[in-house]
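Top to bottom, those sequences are chains A and B.
The first sequence: position 230 = 230 (UniProt numbering), numbered continuously.
The second sequence: position 318 = 318 (UniProt numbering), numbered continuously.
These are computed hints drawn from the structure, not numbers from a lab.
Fair warning: there could be bad hints in the mix.
Which copy is meant is left open, so a pair is good if it fits within one copy or across any two.
As the list claims (entries may be wrong) - Below, computed lysine to aspartate or glutamate pairings styled on DMTMM-like, alpha-carbon distance capped at 20 angstroms:
1) K344 <-> E400
2) K189 <-> D321
3) K299 <-> D161
4) K12 <-> E143
5) K224 <-> E415
6) K224 <-> E11
7) K344 <-> D211
8) K403 <-> E415
9) K38 <-> D348
10) K19 <-> E347
11) K402 <-> E347
12) K294 <-> E133
The structure displayed is predicted, hence computed values, not measured ones.
2 protein chains.
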Amino acid sequence: MASDGFRPLDEKSLVEYLKATPSLAAKLGSQFDKLEIKEVGDGNLNFVYIVIGSSGSLVVKQALPYIRCIGESWPMTKERAYFEATTLQEHGRLCPAHVPEVYHFDREMCLIGMRYIEPPHIILRKGLIAGIEYPLLAEHISEYLARTLFYTSLLYLTTTDHKSAVAKYCGNVELCRLTEQVVFSDPYKVSEYNRWTTPYLDADAEAVREDNILKLEVAQLKSKFCERAQALIHGDLHTGSVMVTPDSTQVIDPEFAFYGPMGFDIGAFIGNLILAYFAQDGHADKGTDRKLYKEWILKTISDTWNLFYRKFTALWDKNKDGPGEAYLPAIYNNPELQLLVQQKYMEDLFHDSLGFGAAKMIRRIVGVAHVEDFESINEASKRADCESKALNFAKTLLKERKKFHNISEVVHAMEHLDK
Amino acid sequence: MASDGFRPLDEKSLVEYLKATPSLAAKLGSQFDKLEIKEVGDGNLNFVYIVIGSSGSLVVKQALPYIRCIGESWPMTKERAYFEATTLQEHGRLCPAHVPEVYHFDREMCLIGMRYIEPPHIILRKGLIAGIEYPLLAEHISEYLARTLFYTSLLYLTTTDHKSAVAKYCGNVELCRLTEQVVFSDPYKVSEYNRWTTPYLDADAEAVREDNILKLEVAQLKSKFCERAQALIHGDLHTGSVMVTPDSTQVIDPEFAFYGPMGFDIGAFIGNLILAYFAQDGHADKGTDRKLYKEWILKTISDTWNLFYRKFTALWDKNKDGPGEAYLPAIYNNPELQLLVQQKYMEDLFHDSLGFGAAKMIRRIVGVAHVEDFESINEASKRADCESKALNFAKTLLKERKKFHNISEVVHAMEHLDK
Ligand SMILES: Nc1ncnc2c1ncn2[C@@H]1O[C@H](COP(=O)(O)OP(=O)(O)O)[C@@H](O)[C@H]1O
Ligand SMILES: Nc1ncnc2c1ncn2[C@@H]1O[C@H](COP(=O)(O)OP(=O)(O)O)[C@@H](O)[C@H]1O
Ligand SMILES: [Mg+2]
Ligand SMILES: [Mg+2]
Ligand SMILES: [Mg+2]
Ligand SMILES: [Mg+2]
Ligand SMILES: [Mg+2]
C-alpha cells in the first residue's frame, strides 16, 4: 500500500501530516502540540477529522479502500476522494454560499482538507428528527440545485466542454455501481444486505420483490441513471449530506458525483424530506404532536421544487445567449417557444425527480442502508407503521409519477395517505 | 504538419507507404510498380483509394484535417480516423459478416487499410435509385443493428466496461458537434449552408423554421443524442454507408461513432429508405412506374424493424444471464416480467427511431447535405413534389411518433400520403 504513497492516517499521524502541509498548517496557527482533533465520521464510507488549532480550524476527510461501515470485506476505490474534491471545487465555484471551501487535496493520500462547518451547524437529518424548522432551507437548497445543475448542463456548457467533463467523471464508475446496486437492484431482489422492520414489514418487502410494474418502472430509472449524462450531479444528496443552522445551508460529501440525471439530486433531497415527514408520528410523543412541524416539512417540499423551478428557468433565460448549445437562440427565438420548451423540460425533470426520489425512499426502508429518521423510533410496531406509509407512498409515486402535474398534487397525496 | 507525423497522401506517395507497411504490402503481392490505384472518395469527408495488386487488393482511407467537400475553410479533426478504425474493429468483431476487415491502422497518418468491397458491390443508395431489389437487405441490416447495438449496450456490458468505452468515445466530440449542427440545428434556422429546391420549397423551408411544435420535438431528440450513452452507434448509417449485392451487405464509414442513442442508427437507415421511397416517382419515367419497387421498399422498411425487433430480443433472451447489469436475472426472473420490460424497451426504441429517422429526412431536404435520391431527379418541379411529400411525412413522423404502435402503421401512413 505504501507503494502508491497512500497511508491511512490516525489522529497521531494526522498531526505530522498537517505540520508538513503548508496550506493546512497555515489555517491552524503554529502550536501543533495543542491541536484538538476529533474523528467524527458518522457517515458510512470515510474517516472525517475535525481539527481545531490556536488560530483556526479545518476538517480532514480521508477515503480508505473499503466501505467503512462494512469493513475491508467490501472494497471500494479510494479514488472516490478525487471525484469528491473536484466536485466540491466545481460546485463551490458555482455556488460558494452553500459548499465548503477546499483548502487542500492530496490525490495519493485520498485526503481532502476543507472548511470546518462549525457548530451550531448540525446534519439536517438530525434537525428534522428534532423537529427544528429551517426557514431558509428551501431557498438555499433550490439555489444550490439550480446553480450546480444548470451550469454543468448543456443549457450552459458547449458540447465540447460537456463531453470532456463526462469522460472524466466516467472514472467514478465504482461509486455509480454501488448506487446501481443499493438503490436500483437490491431492494427488488433477495439480497443478504437487505433488512426491514421484521416481522411487520415482511409482507411489504416481499410485495416489493413481486411487483412487476414497480420493477418495470425502476428499470427505466436505472437506465436513465446509467445512460443519461445531463449534468454534474452530487449523487448522494440526502438530508445527511446537508449541514444547517437557521441561517446557513452547506452541502457536503459529493463523492458519488458524476454526469447523471438532474432528477437524481432533486429526488434524493425531496425523497428524504418525505421520509422525514412520515417519520414524524414516531417522534410525536413528548408534549408535541408534530402537526405544525409536518406542515413545515410539506411547505419546504413545495418551496424546494417551486423555487428550484423559478431559479433554474431564470438562469436559463439569463444565459439564453450564452455558450450552451442545447437551445440555440437562432432557433428558439420567440418567447412563446422559449416558454414551451422550458415547460416541457421542467415537466420531464419533475417526473424524473419524483421517480428517483421514490426509489431512494424505497431503498431506505427495505434495502441495506436505513435512515435515522426511522431507526430512532424505538418501538418497532410504531416504526413499522411510519415506514409502511412511506413505502406505500413511494410505490405510488414511482409507478404513477407521470400523473402528478405539480408539487402541490404530491403534497396533497401525502396528506391524503397520512389521514 | 509533418511535426506530428501526418502527411496527406496522393496516389504516388501512397505506393511508397504501401511498400513500407508489411501488413498492407502482404495483401498486394510484390509488383509495386504495377499497382492499380484509384481515388474514389465520392463521400463528403475523406480520401478513399482502391488499390489492386498482383495477388490481392485493399482500400486505403485517409482523413484530412478538414471536410473534403467543403475544403480547408471547414476544419475537422483528423482524429476521426481513430474512432472509425476502432469502431470498424469493434463492430467487425460483433458482426464480421457485414463489416469490412481492418488490415492496418496508422493513428499518426489517420489512415485505415481495409478490405476492398469488390464489385459487383455498389453503394445501396445507387441501387435504390436504379430500382434494384436486395432480397436479403433487411435480414442483413437487422442482423448488423441487433448485434452491434445489443452487445455494446448495458443489456450486455457491465457498467464498468460501458463507462470506460463511453469515456473513450467522448473524444469523438467534433464529429458529434457536426451532427448536432447539420441534423438538429441548421434546418430549423436561417443558415448559410441550408439549401432546398427553390422556389418550390421556399414556403416549406420557412414553415420548418416557424414550426414551434417541430422545434420542441427536435430539441428533445437533440438532448437524447447529446446525453444518452445507450450503445456504440455507427452515427452515420444512411444508405450511402452501405454497400450491397443481392447476396451481401457491408457497412462502411463509422467515423461518427460514439456512445449514443440506438434509435439514431435505426432511424438513419429507415429514414433514408423512406427518402428513397418518396424519390421513386421522380425516377418512374422510362418504361416503369416503379410501383412494384415501391412495394419492395415498404416491405424492406417493415422487415428491417420487425427482424431487428426479433433478433435484438432474441439476443437479450440468450444473454439474460450474461454480464449485462441492466436487468439482473434475480429481479427480472419471470417470463411475464421479462416480456413486459422488453416490450417497453422496444416501444421506446421504436419511437426514438422514428424521431431520429424523421430528423435525418428533414435535414436532407432543407439542410446542407442532400441525397442523390432526389438530386438525380433533374426536373426541379418534379423533384420538389417528391421532396415535399417526404418532408411532410417526416414532420408528421417527428411530431406524432408516439402515436405509431408498430412499423406497419408507419408504412400505411406512407401509402396514404402517397395517394
Ligand atoms: N466540512 C465539515 N465540517 C463539519 N463537519 C463535517 C464536515 N465534513 C464532514 N463532517 C462531519 O462528518 C460526517 C461524515 O462526513 P461525510 O462527508 O458525510 O462522510 P461519508 O462520506 O463517510 O458519509 C458528517 O455527517 C458531518 O457530521
Ligand atoms: N472498403 C471499401 N471497399 C470499396 N469501396 C469503398 C470502401 N470504403 C469506401 N469505399 C468507397 O468510397 C466511398 C467513400 O467512402 P466513405 O467511407 O463513405 O467516405 P466518407 O467518410 O468520405 O463518406 C464510398 O462511397 C465507396 O464508394
Ligand atoms: Mg455522508
Ligand atoms: Mg459519503
Ligand atoms: Mg461516407
Ligand atoms: Mg448522415
Ligand atoms: Mg464518412
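Against the earlier hints, flag every one the structure doesn't satisfy and list their numbers going up. 3, 4, 5, 6, 9, 10
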